[in-house]
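Asker: Protein sequence lines correspond, in order, to chains A and B.
Add 5 to a position in the first sequence, counting from 1, and you land on the number used in the numbering used here.
Add 88 to a position in the second sequence, counting from 1, and you land on the number used in the numbering used here.
Incorrect hints may have been included.
To be verified - Here are the simulated distance ranges between beta carbons:
no., chain 1, residue 1, chain 2, residue 2, range
1, A, M11, B, E107, 42 to 52 Å
2, B, E157, A, L234, 42 to 52 Å
3, A, I411, B, Q140, 49 to 59 Å
4, A, I410, B, E141, 46 to 56 Å
Claimed, not checked - Keeping only pairs whose Cα atoms sit at most 30 Å apart, straight-line, the calculated DSS-like set for lysine-lysine is:
no., chain 1, residue 1, chain 2, residue 2
5, B, K115, A, K390
6, A, K136, B, K105
7, A, K211, A, K64
To be verified - Computed from the model, here is a short list of chain B residues facing chain A with C-beta under 10 Å:
no., residue
8, L103
9, E107
10, K110
11, G118
12, R119
Hints were generated in silico from the structure; no laboratory data involved.
Remember, predicted model here, so these are calculated numbers, not experimental data.
A virtual CB, placed ideally from N, CA and C, is assigned to each residue, including glycine.
Below are the chains, spelled out letter by letter.
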Amino acid sequence: MTSESMIFVIIYLFTLLSAALEMVPISVAALLGAFLTVWFGLSYGVFTYEEATGFIDMKILGLLIGTMIVFEVAYRSGIFRLMALYAIKLSGGDSRLLFIFVCLTSAAVSMFLSDSTALLMIAAAATTISKFMDQDPAPYVVSAAIMVNLGGTSTLIGSVSNMIIGVNAELSFTEFITYLAPCEFALWALTMATLYFNYRHVLGEKKAVPTYSPWESVEDKSLFNKSALLLVLFLGLFMIHDKLNLSPEAVALGCAVLALSLSNLDPSDIFRSLDWETIFFLSGFSIIVKGLEGTGLLAQLSQGFLAVSGNNPPLATAIMLWMSGLASSVVSNIAVALTFTPMIQEIQGLNTTALWSALVLGTNLGGAATPMSGVVVVMAMNTLKREGTTVSFSEFTKIGSLTTIIQLGFSTIYLIARFGLVS
Amino acid sequence: MSKIWKWIKSRKRTLVKYEEAKEEFEKIIGRPSIRLVVELPTSLEDVRDEFQELENDEEFLEALRRFVEDYLKERLSRAPQRPREQESGEAEASDESV
Numbered sequence: 006m007t008s009e010s011m012i013f014v015i016i017y018l019f020t021l022l023s024a025a026l027e028m029v030p031i032s033v034a035a036l037l038g039a040f041l042t043v044w045f046g047l048s049y050g051v052f053t054y055e056e057a058t059g060f061i062d063m064k065i066l067g068l069l070i071g072t073m074i075v076f077e078v079a080y081r082s083g084i085f086r087l088m089a090l091y092a093i094k095l096s097g098g099d100s101r102l103l104f105i106f107v108c109l110t111s112a113a114v115s116m117f118l119s120d121s122t123a124l125l126m127i128a129a130a131a132t133t134i135s136k137f138m139d140q141d142p143a144p145y146v147v148s149a150a151i152m153v154n155l156g157g158t159s160t161l162i163g164s165v166s167n168m169i170i171g172v173n174a175e176l177s178f179t180e181f182i183t184y185l186a187p188c189e190f191a192l193w194a195l196t197m198a199t200l201y202f203n204y205r206h207v208l209g210e211k212k213a214v215p216t217y218s219p220w221e222s223v224e225d226k227s228l229f230n231k232s233a234l235l236l237v238l239f240l241g242l243f244m245i246h247d248k249l250n251l252s253p254e255a256v257a258l259g260c261a262v263l264a265l266s267l268s269n270l271d272p273s274d275i276f277r278s279l280d281w282e283t284i285f286f287l288s289g290f291s292i293i294v295k296g297l298e299g300t301g302l303l304a305q306l307s308q309g310f311l312a313v314s315g316n317n318p319p320l321a322t323a324i325m326l327w328m329s330g331l332a333s334s335v336v337s338n339i340a341v342a343l344t345f346t347p348m349i350q351e352i353q354g355l356n357t358t359a360l361w362s363a364l365v366l367g368t369n370l371g372g373a374a375t376p377m378s379g380v381v382v383v384m385a386m387n388t389l390k391r392e393g394t395t396v397s398f399s400e401f402t403k404i405g406s407l408t409t410i411i412q413l414g415f416s417t418i419y420l421i422a423r424f425g426l427v428s
Numbered sequence: 089m090s091k092i093w094k095w096i097k098s099r100k101r102t103l104v105k106y107e108e109a110k111e112e113f114e115k116i117i118g119r120p121s122i123r124l125v126v127e128l129p130t131s132l133e134d135v136r137d138e139f140q141e142l143e144n145d146e147e148f149l150e151a152l153r154r155f156v157e158d159y160l161k162e163r164l165s166r167a168p169q170r171p172r173e174q175e176s177g178e179a180e181a182s183d184e185s186v
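One chain only, chain B, in its complex shape (with noise of 0.2 Å):
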């Protein structure tokens, strides 16, 4: 019977419904997330086959995490302090100048 399972369990099965629903629920009620595009650098471009690895590194990612959780803490340590809802709407207009 496991066996049998385990088949039906590997067939192929969109998940699209809940991947968008997801995404709504994360906007509301889950840790924020952001998506970034980075392209590789013109120097490194006889390493292209590496640099899509990184994706799926894990190292890479949670080097990726720390350097958030260090440029976040050191950029508002310098911040003065003002009210947060104005600091974060200057965040985003500085964001979307980059």
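If we strip away everything but chain A, and leave its shape as in the complex, we get (with noise of 0.2 Å):
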């Protein structure tokens, strides 16, 4: 390794030090990490001003802001707590249906909101209601994070990860689909049986919920419709973009105009709500790695890479699901993203879509193995102790770890049998 690679290895193992271990925010940590990598790389000549100026990627980040615009609207209008309302009304007290309801609304929601802004609104959901019935909150918001990091794996717009990964493998949204909703909707039963198994006793006796109605919770009815339409056509329109010859950055952009057109919410106030924190944390980590990429380094941990795997199509996409699935459990599943999808590209003679597919499933299932993986239990742990409730390191590790196994376990299954990687 010549120093100059030695110099950005440094910058991107201090980023993700940085970001994993908070010691700065996340944002901040990408973004001097982008000045060290953009300095160096101009003092060496690794790259050129203009190289450098296109390092961060137009159309994800279009797509990601499209998005967030799309739900934040949404969430204001009231759809999102109204599924969250009809699910506690259907459990009707039982504890045991409440608990599956409450899986089912934080995977469902979480396939459209961002992963902290549903687990926070499950969350509340979820104390408000154990709190009027008795009970503890723990087993519901320990299981609603873990049904969140998992919501959304199978579409495009599902995580920040997915965008990354579908965007530069060309991936379109019914492919995504196509390649990995019957492993998702597995990997939901799977779980929700595992968490149901592991909290089973601790679930409260039956006790009557307060009568309501959900739809009466809806203050903006106009509002609510708008939404309701713009979320039939900006899905619809994710269906067919590729037949329609657009991109998807350009429908979540489309989208998010008219939603801020037709809402007469006050558009400096839905700027606001977005969540900044990844939007610079990506641009950030985009042009650390694209830093990485000029020296070459990518490039031969993808020769590593195959002959690590031995060209072998099942053991190569087992590799890349388990080691984007461990690394996701340590540090950034953006950062995971950004790092592999330039490998993958490099590699020819395999399976791509399956690689790619490997790739989608492990920066999402190992978002929630420990309390450290991602920003979303640690969210969780917090509302609880907001709540007078601590659940410890290891109680959530000892689930955490069990559920991101058993996905990981049954997607190697899943990837293997689908694309027909053993002959």
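Join these two chains into a complex; the hints should help.
Answerer: Right, here's the structure in full:
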């Protein structure tokens, strides 16, 4: 390794470490790393200034920001709160049913909302109703965090890592679903069953829930109807965007403009609510990875990966899945997706669709293995702390790592069977 | 590992969205709550700090909860028997006038 490469590796590792340990906010860590990458890159002539200006992928940013705006408007209309309220009402106060509905709603809502927004909303519903029913909110909130992490694995817009992989692999919305939806729904069932068996003894007795009409909770019916129509249009356009020759970011940004125009909400208020921490982290880390790519190090790693897997498709897919899954359980899955994407792009002669699918599953599934795996789990722990309940590191790791291993194990079998990797 | 976890947990995070969502849910499915602003009585100007500490004084809050319970029970027992809806409507009206 040359001294230039070494500097970029140090910047990369230092950024990952400081973001994982939250020595500074993750956005600051990534932007500092990006600044150093550009500085050293230009000083050593690894890339030119013109090349550096193209390091941030505007397609991914457009897709991310457009999607965030559409779902922020939908969130404010009360659509997702309505789902949570119906889930509670349908349980009829039966704690076992409530547990299942909380799990299902968490996964369903996180297909649309960002993981942190989905978790905070479900945690708020779960802590409120469990308090009313004199129950411990911990099983509900911990399970919600695990299910939120799982939800949206099979859609292009389900997570930021999916957007990165989808745009780079040029996978359409429907291709994403075709390859991964059966696996995701099977994982929902498997994970819910695991969580239920783990918590079934601590779920309380049946108790009447308050009588209420979920529909009455919708304050602005006009905004609700517009948002519902917009979501249908948004998803409809995503289903056929490849046939219309529209790129995903064009659909997302077009619908975002429509949402802002129709909602009558204050745009500056909507913009303030966007997850800028993620947007800046993505931008900064993209630059760091491009710097690393410029040294040829990722191409070498890609060759190393091929050598280890021996050009064996099932082994290569399994290694990609578990490696990205384990890496995502320690560091940000956005960082993992950005790092592994150029590596897969270098690979030839293997079933790359299987490798992309493995990367999608790995980066999503690793996010709830331990309390330190992702921001969703940390937030779940913080909401519980706010309610006077604590879940220890080992308590969460026990259930989080169990569900992660089951999910990765099942996904390995699914990918091998789905892509016919064993001839 | 647990030390790292403690460090991460100690980092400040805003849970504004959680608080907002919780407030919405509590209105519909939680136990109703009210928020009041109590000013420092003019006769107690020299005990500002003690007054402000009452906000987190568990003994005071418990006494307040008992007072609310006793006050409401007594008030309801004095009121003539009538449909609850009418009763609550009047109660709201009288609160507004206060």
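Asker: Of all the hints given earlier, name the ones this structure violates by number, lowest first.
Answerer: Number 7 - this is the single hint that the structure violates.
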